[in-house]
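Participant: Turn these sequences into a full structure, and let the hints steer you where they fit.
Number of protein chains: 4
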Amino acid sequence: MNRLLDKRTQIVEAALELFAQQGFDATTVPEIATRAEVGAGTIYRYFTSKEALLNALFQDKIGWLYEAFKRDFPHDSDMKSRWIHIIDRMHQMAKLDWDALQFIDTHYYVRLLDEQSIAIHNQLLEFVSQHIMAGQQAGVLKPMEPLLMISITFGAFLGIHKYRHGQRTGMPRDHEQLQSIARQCCWDLIAVHAE
Amino acid sequence: MNRLLDKRTQIVEAALELFAQQGFDATTVPEIATRAEVGAGTIYRYFTSKEALLNALFQDKIGWLYEAFKRDFPHDSDMKSRWIHIIDRMHQMAKLDWDALQFIDTHYYVRLLDEQSIAIHNQLLEFVSQHIMAGQQAGVLKPMEPLLMISITFGAFLGIHKYRHGQRTGMPRDHEQLQSIARQCCWDLIAVHAE
Amino acid sequence: MNRLLDKRTQIVEAALELFAQQGFDATTVPEIATRAEVGAGTIYRYFTSKEALLNALFQDKIGWLYEAFKRDFPHDSDMKSRWIHIIDRMHQMAKLDWDALQFIDTHYYVRLLDEQSIAIHNQLLEFVSQHIMAGQQAGVLKPMEPLLMISITFGAFLGIHKYRHGQRTGMPRDHEQLQSIARQCCWDLIAVHAE
Amino acid sequence: MNRLLDKRTQIVEAALELFAQQGFDATTVPEIATRAEVGAGTIYRYFTSKEALLNALFQDKIGWLYEAFKRDFPHDSDMKSRWIHIIDRMHQMAKLDWDALQFIDTHYYVRLLDEQSIAIHNQLLEFVSQHIMAGQQAGVLKPMEPLLMISITFGAFLGIHKYRHGQRTGMPRDHEQLQSIARQCCWDLIAVHAE
DNA sequence: TATGAATGAGTGTTCATTCAT
DNA sequence: CATGAATGAACACTCATTCAT
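Residue numbers (numbering that gives the first Met the number 0), protein chains in the order written: chain Y, 0 to 194; chain Z, 0 to 194; chain B, 0 to 194; chain V, 0 to 194.
Possibly wrong hints are sitting among the right ones.
Chain copies aren't distinguished; within one or between two, either way the pair holds.
[To be verified] Simulated crosslink set (EDC-like; lysine to aspartate or glutamate; CA at most 20 Å straight-line):
(1) 141 - 175
(2) 141 - 173
(3) 94 - 77
(4) 49 - 24
(5) 141 - 187
(6) 49 - 59
(7) 94 - 5
(8) 49 - 12
(9) 79 - 98
(10) 69 - 96
(11) 79 - 187
(12) 49 - 114
Keep in mind the hints are simulated off the structure, nothing from the lab.
Facilitator: In structure tokens:
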């Protein structure tokens with residue numbers, strides 16, 4: 000059971016790195032096997048296909064993010080605090096598991112996701128949307144579809160970390176500085192500003 | 000000569016659509032040939048490889064964007080006007096040639112770009128960076144590396160249009176509304192706000 | 000066009016030999032390609048799959064046999080002459096294209112045949128059945144389902160040639176002797192004999 | 000010891016069904032294991048390979064048929080009675096263990112049989128040949144190589160049962176009717192008929 | 001110049017066999 | 001003894017690229 004989980008974990012982690020860095024199509028199954036230090040056939044004991052592996056991974060990571068959002072969520076605080084909670088959780092994920100976040104970014108719009116993956120993703124969006132709508136009713140957030148607001152914010156947020164991980168020149172900033180930038184920008188982006 | 004340009008154009012356009020919609024790896028050369036209404040071999044008369052075609056396309060589109068930025072650039076206006084000029088040009092591209100913008104987004108971080116592509120991309124970044132630095136010195140823009148600021152803004156901007164083109168539910172807004180959202184958000188994102 | 004037919008023919012012939020001698024499952028596509036002296040990929044320009052190749056082959060050969068039955072068929076002769084016509088045509092095929100006959104034998108009951116293959120096979124059975132029923136009404140053939148009679152006769156007939164081609168010891172007999180055996184046995188098998 | 004025989008038997012029976020129904024190549028070892036309700040590895044405790052299992056099975060079944068031929072063989076009766084004894088024994092096997100008979104048919108010409116299998120098969124042929132030669136000397140059987148005669152008869156006989164088991168239309172006849180057909184046809188096939 | 005038939009290296013996947021438990 | 005997780009060679013099939021026409 001221990002070994003079993005081990006192999007599965009090795010496969011999942013290898014696949015995550017490769018999918019995140021090269022994309023699904025550019026990653027070959029033997030490549031995953033080599034990096035996971037298992038035989039190519041072994042992958043098929045745990046996942047019915049390369050595509051199933053993608054979906055398992057996606058659900059895993061979206062699930063992780065969703066849990067992170069909900070854990071210690073400051074339901075009673077003001078909008079800004081709640082929003083910053085969400086940004087901070089994403090920031091945490093970017094720090095601990097950047098591959099996973101990038102993987103979500105590059106694969107969530109894709110033809111390969113199954114119903115299950117889409118469902119869990121929608122749950123996550125729903126959760127965030129609820130809070131956005133509350134903020135809009137309170138007049139502190141700009142009026143626009145919540146999903147659009149999520150899309151913009153996620154884009155901006157990922158921009159920060161793509162920059163950090165890019166081959167781009169310029170010294171990468173430390174995580175705390177980036178966190179403060181993320182908080183500031185992702186709030187300014189959506190908040191209503193006094194003239 | 001005219002015909003010749005014709006064929007090249009047909010190929011490039013067919014490739015753009017397919018790369019943007021399915022990604023580079025999921026697109027086959029015969030597929031491009033079919034859509035371009037040329038023989039598969041013909042593509043190799045204009046481009047040495049599928050990868051070379053990608054780079055030609057990339058340079059083409061980055062070049063187009065760069066030209067759009069520079070055309071009628073309001074050098075003497077204030078920072079906000081200059082920034083909105085840039086956002087508007089991107090918005091225009093999103094409207095006229097969304098495939099191209101999406102193509103740039105999904106491929107610019109990629110392993111496949113050659114030196115030339117990177118160079119022209121850097122020129123574009125340099126152009127925008129100049130203005131950002133000026134704005135920062137004037138105290139109207141948040142202090143952070145210009146490239147980081149570009150990365151965030153581009154992410155946010157694309158978030159708007161990805162939302163629009165996604166299968167996501169929610170009625171798609173018309174372009175003018177989106178333009179005003181883009182202007183507002185992409186400015187709030189980077190501007191220094193009074194307390 | 001000439002070359003084109005050439006390649007297709009080479010593939011079909013190579014596949015026939017191998018399917019007949021080793022069976023469908025034991026034959027690999029590269030093996031067919033090698034024997035046909037074409038690239039493995041070339042096979043897929045002519046047939047959508049290994050299974051499609053099997054069916055094309057099957058229809059080809061059943062069609063050939065059907066045509067052979069019908070050509071110069073002695074409609075006005077007595078039952079025995081008509082039956083011997085059929086046996087002789089099979090004998091001819093066994094002589095000219097034993098692989099094809101064996102291929103039909105080992106594959107006609109199989110899970111791999113498509114509707115088209117089954118349809119053309121049924122046509123052939125129908126043709127022979129008509130004559131059997133006529134013979135039965137005339138009282139010269141044993142009473143039993145025509146399809147059963149065909150199955151017995153085909154089994155017996157193939158027994159002759161399997162013996163000939165087997166690795167079995169015993170000198171193979173010449174074709175004329177076998178033909179006379181085939182005529183005799185396949186007639187005695189089905190005819191009503193005086194007590 | 001009892002259990003041990005049990006497992007071996009389970010494996011052999013599972014393999015027989017699958018080989019008979021799908022053929023050797025289309026049957027996987029795990030599939031056999033599942034049907035036999037043993038672990039896949041267990042098969043290799045009883046048989047050195049899939050091929051060895053095939054041969055064990057073949058020898059088993061040929062042995063069974065040989066024993067059936069010899070049991071209560073009417074040595075002192077006339078040729079026809081002796082021949083009908085043989086046909087009846089095959090008929091019995093077709094009734095009790097059709098899989099086995101079909102398995103023999105589809106595999107006895109095959110590349111996979113080892114020396115042992117061929118030897119025992121030859122013993123069976125030898126036994127039948129003896130009687131055929133006696134009948135030929137007595138002038139009641141057609142003159143031809145005994146092995147050829149066996150091959151024809153076996154082909155015809157199996158034709159009867161293949162028809163019965165095929166998806167063919169036409170009501171399947173009951174076993175007693177088929178037995179009388181088998182006796183009649185398989186005798187007419189080889190007997191010398193008065194003009 | 002333009003073509004598309006031909007290619008074969010490389011893909012995702014299967015399965016006979018092994019071996020640690 | 002019995003197992004089944006693990007393996008990797010081999011499979012059917014795809015596709016970027018070439019080249020004779």
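Participant: Under a CA distance limit of 20 Å, which applies to residue 141 and residue 187: within one copy, between copies, both, or neither?
Facilitator: For residue 141 and residue 187, the Cα distance is within 20 Å both inside one copy (10 Å) and across copies (11 Å).
Participant: Given identical chains, is residue 94 near residue 5, meaning Cα to Cα at most 20 Å, within a copy, between copies, both, or neither?
Facilitator: Neither: 24 Å inside a chain and 49 Å across chains, both beyond 20 Å.
Participant: Within, between, both or neither: how does the pair residue 141, residue 173 come out at a Cα-Cα threshold of 20 Å?
Facilitator: between (31 Å within a copy, 17 Å between copies)
Participant: Between the shortest in-copy and the shortest cross-copy C-alpha distance, which are at most 20 Å for residue 94 and residue 77: within, between, both, or neither?
Facilitator: neither (26 Å within a copy, 37 Å between copies)
Participant: Is it within, between, both, or neither for residue 49 and residue 12, if the alpha carbons may be no more than 20 Å apart?
Facilitator: within (14 Å within a copy, 31 Å between copies)
Participant: With identical chains treated as interchangeable, where does the CA-CA distance between residue 49 and residue 59 reach 20 Å or less: within a copy, between copies, both, or neither?
Facilitator: Intra 15 Å, inter 34 Å, cutoff 20 Å: intra-copy only.
Participant: Give the relationship of residue 79 and residue 187 under a CA distance limit of 20 Å: within one copy only, between copies only, both, or neither.
Facilitator: Result: close both inside a copy and across copies, 10 Å intra and 15 Å inter.
Participant: When no copy is specified for residue 49 and residue 114, does a C-alpha distance of 20 Å or less occur within a copy, between copies, both, or neither?
Facilitator: Answer is within: at 16 Å inside a copy they meet the 20 Å cutoff, but 33 Å across does not.
Participant: Within a copy, between copies, both or neither: where do residue 49 and residue 24 come within 20 Å Cα-Cα?
Facilitator: Cα proximity of residue 49 and residue 24: in one copy and across copies (10 Å, 15 Å).
Participant: Up to 20 Å between alpha-carbons, please classify residue 69 paired with residue 96: within, between, both or neither.
Facilitator: within (18 Å within a copy, 39 Å between copies)
Participant: At most 20 Å between alpha carbons: which applies to residue 141 and residue 175, within, between, both or neither?
Facilitator: between (27 Å within a copy, 16 Å between copies)
Participant: Regarding residue 79 and residue 98, is the shortest C-alpha distance of 20 Å or less found within a copy, between copies, in both, or in neither?
Facilitator: neither (28 Å within a copy, 35 Å between copies)
Against the hints set out earlier in the document, violations occur for numbers 3, 7 and 9.
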